[in-house]
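As they're listed, the protein sequences go chains A and B. Sequential numbering of the first sequence, starting at 1, is according to the numbering used here. Sequential numbering of the second sequence, starting at 1001, is according to the numbering used here.
Everything labelled a hint here was simulated from the structure, so no lab data went into it. Backbone N, C-alpha and C fix where the C-beta goes; we use that ideal spot for every residue, glycine too. Take these hints with a grain of salt, some might be off.
Unchecked claim - Below, computed lysine to aspartate or glutamate pairings styled on DMTMM-like, alpha-carbon distance capped at 20 Å:
no., chain 1, residue 1, chain 2, residue 2
1, B, 1278, A, 126
2, A, 375, B, 1096
3, B, 1340, A, 71
4, B, 1336, A, 94
5, A, 75, B, 1330
6, A, 59, A, 101
7, B, 1340, B, 1329
8, B, 1336, A, 71
9, B, 1278, A, 196
10, B, 1395, B, 1314
11, A, 2, A, 196
12, B, 1143, B, 1244
13, B, 1043, B, 1161
14, A, 120, B, 1311
What the hints assert, rightly or not - Restraint ranges, calculated between C-beta atoms of paired labels, are given here:
no., chain 1, residue 1, chain 2, residue 2, range
15, B, 1311, A, 160, 16 to 24 Å
16, A, 317, B, 1116, 25 to 33 Å
17, A, 278, B, 1222, 32 to 40 Å
18, B, 1117, A, 2, 53 to 61 Å
19, A, 320, B, 1227, 48 to 56 Å
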Amino acid sequence: MKFQQCTLSNGLTLIAETNSAVYSVAAGFFVRTGSRDETSEVSGVSHFLEHMAFKGDDKFSADDINRVFDEIGAKYNASTSEEVTMYYAAVLPEYLERALDLLSSLMQPSLRREDFDMEKNVILEEISMYEDQPSFTCYDHIMATHFAGHPLGQSILGSQASITALTADQMQAYHRSRYHTGNITLAIAGNCRFEDAVALAEKYCSRIPQGQPSRLLPPVKAQRNSRLIVRESSLQQHIMEMGVGPDSRDELRFAAELLSVVIGDDSGSRLFWELVDPGHAEAADLSYSEYDGAGSWMSYLSCSPEQVAENLERFHKVFADVNANGITADELEQARNKVASRVVLRGERPMGRLSSLGGNWMYRQDYRSISDDLKSVRSVTLDEIRKVLDQYPLAMSTTVGVGPLAEL
Amino acid sequence: MSQPINSFRLANGLLVIVEQMQDVQSAAMTLLVPSGGVRDPEKKCGTAAILTEMFARGAGGLSARELCASMDNLGLQRGVHVGSAHINFTGATTADRLCDALPYIGRMVTQPHLAEDDFEPARDLVEQSLMSMEDEPRQRLGKMLREYSYAAPWGSAAEGELDHLENISIEDIRNHYARNMAPDEAILGIAGNIDPGQIRDAVEAVFGSWKSCPSSEPERGKLPQSPFHIEHDSAQTHIGLAWETIPYCHERYYEAWAAISLLSGGMSSRLFTEVREKRGLCYAISASLSTLRDEGRVFAYAGTTPERAQETLDVTVAEILRLHEGITDDELQRCKARAKSSLIMQQESTTSRASSLARDIYHLNRVVTLDEINARINALTTEQVREFAVEYTPKSMVLVTLGPQGLDPACVTSL
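Can you build the whole structure from these sequences, using the hints too?
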C-alpha cells in the first residue's frame, strides 16, 4: 500500500492509498459538516441535504444517478453524523472514472423544489422509522441531553417540526456556506494509479467552489442531567449514560479505545462478565467516541425493567473499581490482540480502508497506515491507561432511559 | 476469478471445503452443524437457542474466561448463531493464526461443559433477546412473516418463543446436544491465505474424534393462518409480504435472482423507484429471497406512517404483480453489473467466501465457483426473466402488518 496526496488547482485535497493486490477501488467525498454546524432553525438540514445530493445536478437527473451507479455495479451510499457527511462508492477499477463523475455531481446538486418537497416525505418517514427503534431513540436523547447547549447536542435527523418547516432556500443557503474545497476531502483507497486519480479529480471536481468555512468549537460544560422517555408497552428498558472522554486530537485516544474494550466490549470485557454472562442484561457495554474538540464515554444497558437498579449499581461498581485500581497487564494484552486483529481484518477491503483514511484526515490531517495503527495499539502502556483514568475517569454525568420505567 | 478449492471428508462424516485466497491476509471459517431450531422438541422452541448460548461457557476443561482469553489473544473474531437448520460457528483472524485458533472452536463444538450452573443465565439471555425483539416492530414482523410462510417447524423462530422457555430444562439442552450436534451432516468451510495441507492436518486433529451420530430432519407440520394485522404501539405501520418462489437448488434459481433484483436490487430497482423515489411513501422498502433446501419465498418489507400505509401496500403489491411487464435489456444489464461487482468483491472477503462454501454444500452438495455464477448470470436473457416472472407471479400472498391500525387487504385477498 502506498499513500500519496495532492492539492488540486481549485484547492481541493486528494488523498489516496493505492494497493494493486485488491480487486476494487473505493472513493469518497468527506465533507466536514454535520448537525453540529446547523442553527436550530434548520435542524436536520445536513442529513436532508445528503439525500438531496442524489437528486442530481444540471448533467444528471435523480433517475440518472440511481441508474448509472447501478449500471457500474457500484456499492454506494452516503452518511451524515454530527460532524461529517460522507458520500462513497466502491467499484471495479475500470469504473472509477464513472464513479467519480457521479460522486462529484453530488457535491453540487441542483436542489430542485419538486425533488425537495418529495424527499421531505422520505425524511419524515426516516424519523418515524428510528422512533420505532428504542436504542436509536435512546442515543438521540443522550446526545441532546449530555451536550445540551453545545452544538454536538443537535439532532442529526432533526425533528418532524424542523423538517416540515425547512425550505429549499434555507437548504441552498446552508449548502453555499458549507460545501467549499477547504471543507471537503476526496479520499481514494484500493486498486488504482495515483496519477490517474489526480487526473480524474482535476477533470470532475473543478466546479467545487473555493473557500474555508469555519466551525465553532466551544468547550463542553459537564452537567448532571437525566431524562426518561416512557414507553409503557415496551418489555425491555434501555439506558445510556455519558461522561467526558479525550477529544480527537488527544494522544490518549488509543489508550481510551483500549480501555473501553477492556471494560465494555460486547464479549470478554468486565461488563460482559459482570452483567451479560450471568444473564442479568442482554447488553452491557462501554464505548469511547472522539469528536472535534470533545470526547465521550458512553455506556449502554438493555435489560428487563425490574433489573435496572441492580444493573446500574453493577455498572457503577465496575467503573469505581477501574477508576481506583486500573486494569491488569493481562487485560491490556488481550485487548491489544483483539483490536490489532480488527485493524487488520477491517483494512483488508478498500471500503474498510476508505473510512479510516478519510476519518484520520478529517480529524487530524494525518495519514495512518495499518502498521501505524498496529504500532499505536501495541505501544499503549498501563501508565497511559492510568493517565486516561486520572484525566477522564469513568464517571457518567448524564443518564437517559427509554422503556417502561418512569423513574430510576 | 475463481481460486483453488479442495474438499475432503473425515471418517466421522464431517465435510470440509477449503478455498485458497492468495491476495488476502486473513482466513475465516464457517461450521454448520444441523442442530438448529427445527429440531427443538415440541413446545420447547428455544432449546437450540439456549444451547447456542452455552458453548462459550466452558469447554474441554477450559473455563469460559480461559476460553475467551485464549481466543482473544489469537485475535479470533468469532460467533455462534442459531438458525432454523443449523447452529453456525464462525471465526476469522489473520491467516497465520487460524490453525492455532481451530482447537478452541473444536473444544466448544465437541466438548462443551453444559454445566447446570450456566443454564439459567443462558436461558435468561435468550429471554431478554426475545423481549427486545418484541419491542422492535420490524424484527417482530420478520419473525411472524416467516412463521406464516413456512410450515412448522421451518417457520418457527429459531430464536425461541417466550412462553416456551420455562418448559426447557438443562436435560433438554444436553439431549439436544447429544442427538443433534454430530459431524455426520456437518459442513466446515474455510477460506483465506492458507496452506490446504496444513489446514487438513489441523482439522483432522481437532475434529477427528468428534463422535458420529446419525439423525434426520423433522417432518413438516401445518402452516398457521396469517392474522393480517397485529396491534403495536409504534410510529410507523410495518408491512410484511411473502410469496412463493423457487429454492436456491432449483435450476432456474438465477432467473429468480434476476427477477427479485429487478424488483428490489439497487436504487434504480422498481420498488425503490416507484414507492420511495416517485411517491415518497417510505424510507425503507425491500424484497429479498429466502431459501430452505426444498422451498423458497420472497419476503418484502415496507415501513411507513399509518396515513400513507394503505397507498404503500397497494402500490407495492401492484409493482410485484406487474414485474413481468416491460423488462428492458438495460434493466437486466444493471442487475448483471451489480452481480459481477459483488462477485469480484467477494474475493476480498474471507468471511463471505467461507460462508458461501458451506452454504453451497448444504443446498447443492457442491461448490459453485465465482466463475460459474458469473457465467450463469451473463447468460440470462430478458426473455427468460420475463417468462420466469410470468410463471411465478404470486398466486397468493401472506400479508402481515404491525402498527396502530390495520389495512384493507383487498389487493392481496383478491389474488
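Hints, one by one, checked against the model:
1. The suggested pairing of residue 1278/B with residue 126/A holds, with an alpha-carbon distance near 16 Å, which does not exceed 20 Å.
2. About 19 Å separates the Cα atoms of residue 375/A and residue 1096/B, which keeps this hinted pair within 20 Å; it holds.
3. Distance hint between residue 1340/B and residue 71/A is fulfilled; the C-alpha atoms sit about 11 Å from each other, no more than 20 Å.
4. This hinted pair checks out: residue 1336/B and residue 94/A have alpha carbons roughly 16 Å apart, not beyond 20 Å.
5. A threshold of 20 Å between alpha carbons decides the hint, and for residue 75/A with residue 1330/B the separation of about 18 Å falls inside it, so the pair holds.
6. A hinted pair counts as satisfied when its Cα atoms are at most 20 Å apart, and residue 59/A with residue 101/A qualifies at roughly 10 Å.
7. As the CA atoms of residue 1340/B and residue 1329/B are separated by approximately 16 Å, the hinted pair is consistent with the 20 Å bound.
8. For the given pair, residue 1336/B sits about 8 Å from residue 71/A by alpha-carbon distance, which is consistent with the 20 Å threshold.
9. Of the pairs offered as hints, the one joining residue 1278/B and residue 196/A is violated, with about 37 Å between alpha carbons and a cut-off of 20 Å exceeded.
10. Only pairs whose Cα atoms come within 20 Å are accepted, and residue 1395/B paired with residue 1314/B is accepted, the gap being roughly 16 Å.
11. Of the pairs offered as hints, the one joining residue 2/A and residue 196/A holds, with about 14 Å between alpha carbons and a cut-off of 20 Å not exceeded.
12. A threshold of 20 Å between alpha carbons decides the hint, and for residue 1143/B with residue 1244/B the separation of about 17 Å falls inside it, so the pair holds.
13. For a cut-off of 20 Å, the pair hint linking residue 1043/B to residue 1161/B stands: about 9 Å separates their Cα positions.
14. Between the alpha carbons of residue 120/A and residue 1311/B the distance comes to roughly 17 Å, so the proposed pair stays at or under 20 Å and holds.
15. Between residue 1311/B and residue 160/A, the C-beta spacing of about 20 Å keeps the proposed range 16 to 24 Å intact.
16. The given range of 25 to 33 Å is respected by residue 317/A and residue 1116/B, whose C-beta atoms sit roughly 27 Å from each other.
17. At about 39 Å, the CB distance of residue 278/A to residue 1222/B agrees with the hint of 32 to 40 Å.
18. Evaluation of the 53 to 61 Å hint for residue 1117/B and residue 2/A yields a pass: the beta carbon distance comes to about 54 Å.
19. Under the hint 48 to 56 Å, the C-beta atoms of residue 320/A and residue 1227/B, about 50 Å apart, fit the expected range.
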